[in-house]
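Going down the list, the protein sequences come from chains A and B. For the first sequence, my numbering begins at 18 and goes up steadily by one. For the second sequence, my numbering begins at 501 and goes up steadily by one.
By construction, these hints were calculated from the structure, which means they are not laboratory data. Fair warning: there could be bad hints in the mix.
[What the hints assert, rightly or not] Pairs of lysine to aspartate or glutamate residues, derived as EDC-like cross-links and limited to a Cα-Cα distance of at most 16 Å, are as follows:
#, chain 1, residue 1, chain 2, residue 2
1, B, 647, A, 71
2, B, 647, A, 182
3, B, 647, A, 67
4, B, 647, A, 187
5, A, 130, A, 182
[What the hints assert, rightly or not] Restraint ranges, calculated between C-beta atoms of paired labels, are given here:
#, chain 1, residue 1, chain 2, residue 2, range
6, A, 42, B, 613, 39 to 49 Å
7, A, 199, B, 613, 16 to 26 Å
8, B, 641, A, 100, 50 to 60 Å
9, A, 219, B, 663, 46 to 56 Å
10, B, 641, A, 97, 52 to 62 Å
11, A, 22, B, 645, 19 to 29 Å
12, A, 129, B, 631, 42 to 52 Å
13, A, 173, B, 663, 41 to 51 Å
[What the hints assert, rightly or not] Sample of chain B residues lacking proximity to chain A, with all beta carbon distances greater than 12 Å (derived):
#, residue
14, 554
15, 633
16, 634
Even glycine gets a Cβ: it sits at the ideal position worked out from N, Cα and C.
Given next are the chains, with one letter for each unit.
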Amino acid sequence: MNAEEWRAAKAVLAEALLVPPDEREALVVARCPDPVLRREVQAFLNQYDEDFLETVRTVPGTLNSATGGADDADPPPDIHAGDRIGPYAVLERLGAGGMGHVFLGNDTRLRRKVALKCLSAAAPASELRTRILHEARAAARITHPHIAIVHDVIEHDDRPFLVMEYVEGENLAVMIKRERLPLDRIVTMTRQLASALAAAHGKGIVHRDLKPANIQVTPDGSVKILDFGVAHAMSAAATAAAADVMATLTTSTATDTVGTLQADRRMMHPGTPAYMSPEQMFGRAIDQRSDIYSLGVIVYEMATGHRPYATGDRLEPSQFNDVVTKMLAVRPEDRYQTAGELEAAVGPLVAPARAVEPRSLSRAVARIARRVAGLMSRFRRAT
Amino acid sequence: MERVQGELRRLAAGYLRHERGGRTLQPTAVVNEAYIRLLPQRGVSWENRAHFFGIAAKMMRRVLVDHARRKRAVKRDAGPVEPVSISGVPSPAREADAVDVLALHTALSELARLDNRQAEIVEMRFFAGLTVEEIAEVLEISPATVKREWATAKMWLRRQMQGL
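Take the sequences, apply the hints, and build the full model.
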């Protein structure tokens, strides 16, 4: 049954439910000149059970154990400081998470630091590996001042690795937790991020997992997006893994397997729930507007100190507030349709007079202020 | 929402752990409790509320499906186990009422391909335990529409799950 047929059947079924049971037959005949539709509708009505799913009981024993979660992290690959990954010497482990394990490496030939991201903890089957590498190489084609460069895509131990620019500075996730940034700074960062998104989207690449942890604030105060294309590459791995699970579960009903896999593929949504767009959350098809939503959540959080759900607070009424509200529209069609459009909306709000204040400078100012205050209090005590 | 997800998982796990024999599990209670904890009482816009419930329903579905999968993987040869009810009503055992969460999950994914909104309504109704009126508010549609969608969705799902 396709969507069209179901819509037609549904309309008749809804009407049939409104009349007494003994009148339904006649109504169905009157409404369905098409015998195929009529048979479908009758089949639905014949097995109708009003109580179905109302007093819900689950299959015995399926619900009593509660350990761990579906998102349990992959086991780390067996890589330690001093090891080599291709031509790169591993210096230390930078982090782990849903999006893979990251190591700080040293490119001995070019003498620069790189971030090495393992895209799949387990060695994937060769065709899957090819697909991951393909996605990763697509990401490597993006060049933008506010996106961390992908230097290389390599295989080590049958596992795909992304070799990325190591961005010095502080992670935005850490920064947000510590301090509330001044609005003009947030506006500037928003414009930089919008411009970065526009560049990547222009190459047909949606980030899918935009969150503060994937944004690095460099010492000069500007921002760089990390991990572009990684979620995409990872989703290949996640989807394949889920397909395996579903295949095992559905071996008994082999005929349904294809449909089940397709259905379940839609369920896969790599990404971080906190910053995920509603459509991504619901496992629908996503496009660049999903990244715009995620960026909206990030900007909101920068401005208010928390994410836009679960509280009723509002940003100060301003043009920027309107921009953020539009980014966060539940329906993708109510948001900015492209990152370029967003960039154009934010651009005029950037205050040229009060240029970005590098964090090191503000820190230095704060340090001097503290020192002055300290000296003054000592001075007062002395007099 | 990490916090929400964590909360929901923790709460659901709590309810599920206590789930032995006759005691009931109430998804509505799970979600409501998470909601009450997470939302300060002052002005909540419907948009946020809608988003929250949409996510909560999704979360509950995932929590339940995860559990069902794990359980199935572990106890393929399990003997008779006491029935578990996830409704608020400790109903007398009626075998016909038993719902296989995994089969429902699969059927619902199929329904989503035909009619996404209808599948969302089932998600909110069944997995998050929202009332027809609440779903109408959240989706900004009339209660009559929700009722109609829910009733016809039940027909579709039952037929699909029974392979009729």
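Within a Cα-Cα threshold of 16 Å, do residue 647(B) and residue 182(A) meet the stated pairing?
-> Given pair residue 647(B), residue 182(A) is violated - Cα atoms ~54 Å apart, limit 16 Å.
Could you see if the CB distance from residue 641(B) to residue 100(A) stays within 50 to 60 Å?
-> Once the Cβ atoms are compared, 57 Å apart, the range 50 to 60 Å for residue 100(A) and residue 641(B) holds.
Holds or violated: residue 130(A) with residue 182(A), Cα cutoff 16 Å?
-> holds (7 Å)
Sort out whether residue 71(A) lies within 16 Å of residue 647(B), counting only the CA atoms.
-> Status holds; Cα separation ~13 Å.
Regarding the pair residue 647(B) and residue 187(A), is the alpha-carbon distance no greater than 16 Å?
-> Not satisfied, since the Cα-Cα distance of roughly 51 Å exceeds 16 Å.
52 to 62 Å as the expected CB spacing between residue 97(A) and residue 641(B), which holds or is violated | Roughly 56 Å apart at Cβ, these two residues keep to the hinted range, so it holds.
Does the no-contact call for residue 634(B) survive, Cβ to all of chain A over 12 Å?
-> Per Cβ check, residue 634(B) is outside 12 Å of chain A; nearest 16 Å; holds.
That 16 to 26 Å hint for residue 199(A) and residue 613(B) (C-beta), does it hold up?
-> For residue 613(B) against residue 199(A), whose Cβ atoms are near 47 Å apart, the range 16 to 26 Å is violated.
Is 46 to 56 Å right for how far apart the beta carbons of residue 219(A) and residue 663(B) are?
-> For residue 663(B) against residue 219(A), whose Cβ atoms are near 47 Å apart, the range 46 to 56 Å holds.
Within a Cα-Cα threshold of 16 Å, do residue 647(B) and residue 67(A) meet the stated pairing?
-> holds (12 Å)
Is residue 554(B) truly not at the interface, in the sense that its beta carbon sits beyond 12 Å from all beta carbons of chain A?
-> violated (6 Å)
Once the closest CB in chain A is found, is it more than 12 Å from residue 633(B)?
-> For residue 633(B), whose nearest Cβ neighbour in chain A is about 16 Å away, the distance exceeds 12 Å, so it holds.
Checked against the numbered hints given earlier, this structure breaks hints 2, 4, 6, 7, 12, 14; the rest are met.
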